[in-house]
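Trainee: Since chain A is already given, all that's left is putting chain B on it; use the hints.
Each chain is listed here by its residues.
Protein chains: 2
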Amino acid sequence: MSELYPQVAFNADGLVPVIVQQYDTREVLMLAWMNETSLQLTLTEGRAVYWSRSRKELWRKGDTSGHTQAVHAVSYDCDGDTLLMLVDQTGAACHTGSRTCFDDRFLPLTSGAAS
Amino acid sequence: MSELYPQVAFNADGLVPVIVQQYDTREVLMLAWMNETSLQLTLTEGRAVYWSRSRKELWRKGDTSGHTQAVHAVSYDCDGDTLLMLVDQTGAACHTGSRTCFDDRFLPLTSGAAS
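Chains as they are written, first to last, in the numbering used here: chain A, 2 to 116; chain B, 2 to 116.
Derived by calculation from the structure, the hints in this document are not laboratory data.
Watch out, some of these pointers could steer you wrong.
Sample of chain A residues lacking proximity to chain B, with all beta carbon distances greater than 12 Å (derived) [said to hold, decoys possible]:
1. M2
2. R27
3. N36
4. L59
5. D64
6. G67
Computed footprint of chain B on chain A, listed as stretches where at least three residues anywhere in the stretch have a Cβ under 8 Å from a Cβ of chain B [as the list claims (entries may be wrong)]:
7. 9 to 23
8. 45 to 57
9. 69 to 76
10. 97 to 107
Keep in mind that this is a model prediction, so the values were computed, not measured.
Note that the Cβ used here is the ideal one computed from N, Cα and C, for glycine as well.
Next comes chain A alone, as it looks inside the complex:
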């Protein structure tokens, strides 16, 4: 259990998924992961800092791209195993240059369309 954040249930790898949402438009921008240190940095700096699972290092969002995220609020869910973070995104959230990481990539629904 995290001593700093006992509310948060980090997984076996010491990570928690973070849903990142633009605070005003409510667009879902991306999903990223934090360890305890990156969460602490995020809360104290007011700027999103993640854990890069591919590079296995802290990832201060925007250091390379300039596309920083100013943090407005961080909440945890009923199980404590997911965070929801409201941010103000500068520029593109996605490394592809898209506003969000979910732009125009749909899986086909084969059921009748929901009403």
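Mentor: Chain B alone, transformed into the frame defined by chain A:
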């Protein structure tokens, strides 16, 4: 790699996280997990079906509570390792009875407030 959904990068446990968002208000309701079978059922039935990691079984959302989720769209992110699903939520998304799983559980920001 999934033969049915090569766009989706299921993790080592065969699961992918799904951000669930109310299609009209854009509230983030919850994060859940799907395996290939639950994704296929979701897309063909037009109703959210997840994989319960705690019970290790398919979880047809709402079978017990009546709080079903009608699926409007499912998209995958730039890496294919996260899904974003727009739904129309009947009743409460959270098993606690709250509208969302993130209601009023905030971590304190110790930085100056973001503007």
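Trainee: State for each hint whether it applies.
Mentor: Hints and how they fare:
no. : hint      : in the structure
1   : M2        : 15 Å, holds
2   : R27       : 4 Å, violated
3   : N36       : 14 Å, holds
4   : L59       : 17 Å, holds
5   : D64       : 17 Å, holds
6   : G67       : 17 Å, holds
7   : 9 to 23   : holds (count 4)
8   : 45 to 57  : holds (count 4)
9   : 69 to 76  : holds (count 6)
10  : 97 to 107 : holds (count 7)
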